[in-house]
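Participant: Since the structure of chain A is provided, determine the placement of chain B on it from the hints.
Okay, here's what each chain looks like letter by letter:
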Amino acid sequence: MSDPTSSSPTGFYLAVACMALAMPLLMGSASSAAAVLVFGIAAAACNLLLGYAGQLSFAQGAFFGAGSYGAGLLLKAWPGLGVAALPLAALAGASVAAAVGLLSVRQRGIYGVMITLAMGQLAFFAALSFPQLTGGENGLLDIPRPVTGLEGWLGPEVAHYVLVALGFAGALALLRRVLRSSFGRILDAIRENEVRAATAGYDVRRFKLLAFCLSGGVTGLAGALYATQLRSAPLSSIDLATSEMILIMSILGGRRSLPGAVLGAMAMTLMAEHLSAWWPRWQMLVGMVLIGAVLFAPNGLAGLAARWRRRLAGGPAREALP
Amino acid sequence: MNIYLFQALNGLGVGMVYFLLSVGLSIIFGLLGVVNFAHGALFLVGAYAAMSVGGATGSFVAGLLASFVVVALIGLLGERLLLRHTYGMPHEAQILITVGLAFVLTEAVVLLFGPEPRQVPVPEGLAGVLMLGAYPVPIYRVFVAGVCALIGAALWLLFERTLFGARVRAGNESARMLSLLGIRVKRVYALTFALGAGLAGLAGGLAAPLRGADPAMGAEAVVIAFVVVVLGGIGSFSGPLVGGLLIGITQSMMSTLWPEGARLAIFLLMAATLLFLPKGLFGRV
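If you're matching them up, the sequences are chains A and B in order. Start counting the first sequence at 1290; every next residue gets the next number (this note's numbering). Start counting the second sequence at 173; every next residue gets the next number (this note's numbering).
One chain only, chain A, in its complex shape (with noise of 0.2 Å):
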């Protein structure tokens, strides 16, 4: 299986630099491929916490939202803070995640998974319930992007690009890293056996609500990122269906691989850019290929590169236990 924590550091580095640079050819404009690393971002912290955590959220639209409109707030009152807005963001969304760990993770199974689902909504309608500060339907507008001073030398669109694909690295790095500190391998073992973790003296629920912060944090820094790249935090960024889409690309990418993450990220945007205008109802499609990815695909993207990659070596065909 690939799994970032058994993959050289040399290599996990490179493919992210390459993702980063590769994006706006492969994508064809720097908007493109800044939509694909942010959701990237998120979908790679959807990762942790469905992928290692075992926690499966309907709330990282709500996340992603707390971020985007973290950031607006910020940069609308202050244009002065500029790239110090985003770890802001990103603590605006860890506090929704916390908010919302601490009333899902006192479930077991998968009641928790529709108390996510229900508040990650609480937020969507306190976005909505105050026009005056959230501009409710219309969204957050004229957000001013973050000064990086690279702007006249490389034009504010690239210059944007390059704070964008610096915040991807930065964040992917960082998920690796928890991935492969002990509190990963702690996730991993509760994931595994819940009681076994508890029994060997873990606490169950303070290693959860920490990996729904973790993860809040993180799609709540891609929030802010989306928002200073559209120069809007729209409605439709804290939506259920924003949830829906990142949970749908990190199990399309493959929920345990951090590259496959923002595989899935990009086979999705691709999707919505040119389904979309050849059959306006793609997203049936969207459904279809998660139904067959769950039934058979269960790894992704990400799962089924390491199958082929083990049968072209002439190994077995079978996926080895990470």
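To be clear, the hints were calculated from the coordinates, so they are not data collected in a lab. Computed from a prediction, not measured in an experiment: that's the story for all the values here. C-beta atoms are modelled at their ideal positions from N, C-alpha and C, and glycine is treated no differently. Worth double-checking, as some hints may not be accurate.
[Said to hold, decoys possible] Sample of chain B residues facing chain A (criterion: CB under 10 Å; computed from the structure):
1) T258
2) Y259
3) A274
4) F275
5) V276
6) F285
7) M349
8) L429
9) L447
Facilitator: Only chain B this time, still in chain A's reference frame:
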């Protein structure tokens, strides 16, 4: 009669529809352990089935029957073709299958009927209003609340007084034991899923004349159903009933007090309840 009492009564009617919508979700979860994310999409299909069959035959009752039967059949097929293959997989596999199913069903409805919202006529004979003091109450709302109450009673009888109900309840306790007793558990699973789905469809059929039919109503409904079940507590019959009524009444009262925040209020009510009662009001899980 004052406006708040009137709004509470209105909320009672809305709440009964919410009950019918969520009781199927609760039944399915109770037996199969599946959180059905397609429940809202099934509600949506029910509304369009009632609209088109009711329109084609000119009979409202035929439309309602179609909303139940068509959606129950979709449920039966979905269980047989997709869900059945995932019972050995981790729980989130079933959730993701139903999420995929919701995408497919919603897009299929748009494909067949277009994305525009549709008006659905209130059946003749139920179109007037009753005067309650100074406030007009549409007869159709009273009718819907009555039908939901009747179906609730019928469901109670089904689960408490029939052999099928006994099997479902036994399956809630231990599906393995049930199969050792020689009962075809798979058939009970399929029928239960179909019944839960059909109830969502029927709720859609009943709600269509109240709110019209539009493709976004499914996403709205699945969220409401989750809030009702989370608030009321899953795995019980009283949970969806009390949860549905509470949500309906809160939403209706708040729409007078704080219109922009009426939707937010029901989520806050749910979150506050969870803070003190992690299993919801009547939860057993």
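Participant: Now look at each hint and say whether the structure bears it out.
Facilitator: Results for each hint:
1. T258: holds (7 Å)
2. Y259: violated (12 Å)
3. A274: Hint holds; A274 (chain B) Cβ to chain A Cβ min 7 Å, cut 10 Å.
4. F275: holds (3 Å)
5. V276: holds (4 Å)
6. F285: Result: violated, 12 Å to nearest chain A Cβ.
7. M349: violated (20 Å)
8. L429: Interface hint status for L429 (chain B): violated (13 Å vs cutoff 10 Å).
9. L447: Status holds, d = 7 Å.
Comparing the model with each earlier hint shows violations of hints 2, 6, 7 and 8; every other hint is respected.
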